[in-house]
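Peer 1: Given next are the chains, with one letter for each unit.
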Amino acid sequence: MSVLRAELSRLRYRRRTLWSLVGVLVISLMVPALWMDGARPLGAADHAEAAAILATIPPGECADCRASDYLRTPWTFGDVVNSGLMPYAVMMGALALLIVLLYVSSDLRSGAISTQLTFTPRRWVLVVARTAVAALFGAALMATALVTSTVVSAVWFVAMNGYSQLDASSDLLALVLSASFYGAVLGAVGALLTVLLGGASGAGALLAGVFAANVLALWIGDQVKTPAWVLHLMPAQQGIALLDGSVEVVGTYGDVLYEITRVEAVAYHLVATVLVAAVTIPLFERRDIKN
Amino acid sequence: MSHISWPDGGADWAVEATGLVKRYGRRPVLAGLDLHVPRGGVHGLLGPNGSGKTTSIRILLGLVRANSGTVRLLGHEVPRALPAVIGRVGAIVESPRFAPRMTGRHNLDVLADSIDVSRRRVTEVLLEVGLAADADRDFGTYSLGMKQRLAIAATLLKRPDLLIFDEPTNGLDPVGIRDIRATMRDLADAGITVLVASHILSEIEQIADSVSIVAQGRVVAEGPMKRFLSGVAPHVRLGISRPVEAAEVLQRGGWRVEPAEGGLRVHGRDGAPPDVAEIARQLGRADLWPDHLSLDRESLERVFLDLTAGADLVGAQGRHREVS
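These protein sequence lines are chains A and B, in that order.
Under our numbering, think of the first position of the first sequence as 1, with each following residue one higher.
Under our numbering, think of the first position of the second sequence as 1, with each following residue one higher.
Be aware that one or more of the hints could be misleading.
Calculated lysine to any residue pairs in the SDA-like style (CA-CA distance at most 20 Å, straight line) [said to hold, decoys possible]: (1) K290/A to G50/B; (2) K290/A to N49/B; (3) K290/A to Q216/B; (4) K226/B to D209/B; (5) K226/B to A272/B; (6) K290/A to N67/B; (7) K290/A to R27/B; (8) K290/A to R26/B; (9) K290/A to S95/B; (10) K290/A to A31/B; (11) K290/A to I207/B; (12) K290/A to L82/B; (13) K290/A to E94/B; (14) K290/A to S68/B; (15) K290/A to R23/B; (16) K290/A to E167/B; (17) K226/B to R23/B; (18) K226/B to I207/B; (19) K290/A to N170/B; (20) K290/A to A190/B.
None of these hints come from the bench; they were simulated from the model.
Generate the whole structure from the sequences, applying the supplied hints.
Peer 2: Have a look at this one:
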């Protein structure tokens, strides 16, 4: 517990911690501007635009068409959550990971870890404590981002549509909690890989490579033909399932070929973290600390 | 090993290492190093750069794992029992390493938290090393001397029985060097065993009570400093344009003379230190006038050179000296 307390003190004393949280807060205050236009109620401009579209259709080509067919559908608050906040959570995950990698690697760069190890010779204790604090930091960054953007989006939505339109969104709480959990997992895995590979650049490159390969494989591959177990192992699929609630792959005839649920995604991320820890801790125990 | 051994065949060791071997890849760093550090006083670990001093210290502290050999620290086998003994061991390995963007006090707070030491003790050690006024500045803004003092403060958080310093005066100005040496001596006088690794002969000669000489990954000699210095009397360094004639004059006068770089080295008669004024008088009577005449005490350097058969080290005057 004393090492964990020391690591919490280190997190608190680093000015980078506060500035990172402030930076995330500022970004999250502004970023709802990207999607809140979709929740704007219909106005004269929308009707004029729909009429203009209708006018471009040659006479007689679509006798049943009405201008109202070309009106955009204003987002409900549920749409704001699923189509605005959820993609933002994915983006924030990458940023939170980067911040945590830099936080953990700074101690390796400065050599302060040597000094700490002369106080804490049980290296596994130090790794576990540092990983736990990195997880906390990652979760705090994600929670800050999601809560801030949610509040801004909700206020903005009420301002445009009135309080009565603010429908209950059962996905919201799950999204905020899942995003915080995702931040914790990214923080923990990022910290472990930084310790394992001796710096942020190696850990960042490895994680970016894994996600890029995953996305590329999904993009160029045929999900219908790909064995389901391969898709279940993909971190991008599991990450989206965690944040979005589920990922489904539908076959040619609309049948669900496989589904990754949020529960599975939580288990996947916990197991992945434990596996990375199981590799990192023994290797770090044997490593020569030369700086 | 060329021994200047310990009296009475052994002692109560603060550090005892046997047969330490360490290789980085194929490069051997330690080749069966045996080290004994008696409890109490200052023990010097003297050797040229690259001789294996820092690696030895890192092995003592569990930062580096030896390929073979055993280490006992205050009677505990390390690294296995390191957690049991680390609370009694303070160490500064090479340059002080702290988080540069955290204040000196916060750096110590983190270390204090990790061993359940109170914030009050942090303030005490900052006062002890004279850093209280600068404690709330970032470590990265400290001078090298201040960084060393903060590192000493960190070691004192533990109230240690053994302190290990690796090249503690590297890069310090003369005042900083004097302060650090005085601090090490004071700590030893307070009953703490101080192990100091250095490649500076004069440093070890000034502050150490005992010494181990390391060369090429082995301890080639170790023992109390008095034994190293006994029988090696001071000598006179003589710079002169006519060294052959000067040597004849001095040998007729009973001095033992040997050639040296830039002139002669003159040893005293009957084991007594040579009298510089008498040498000058004898030379003057023969119309021989020295360019340089000084009494030198580089006895440990002589011992070192004899034992290591030539290695790079910094001599008694603190300059880098190539010995071939």
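Peer 1: Which numbered hints turn out to be false for this structure?
Peer 2: Hints 11, 17, 20 not satisfied by this model.
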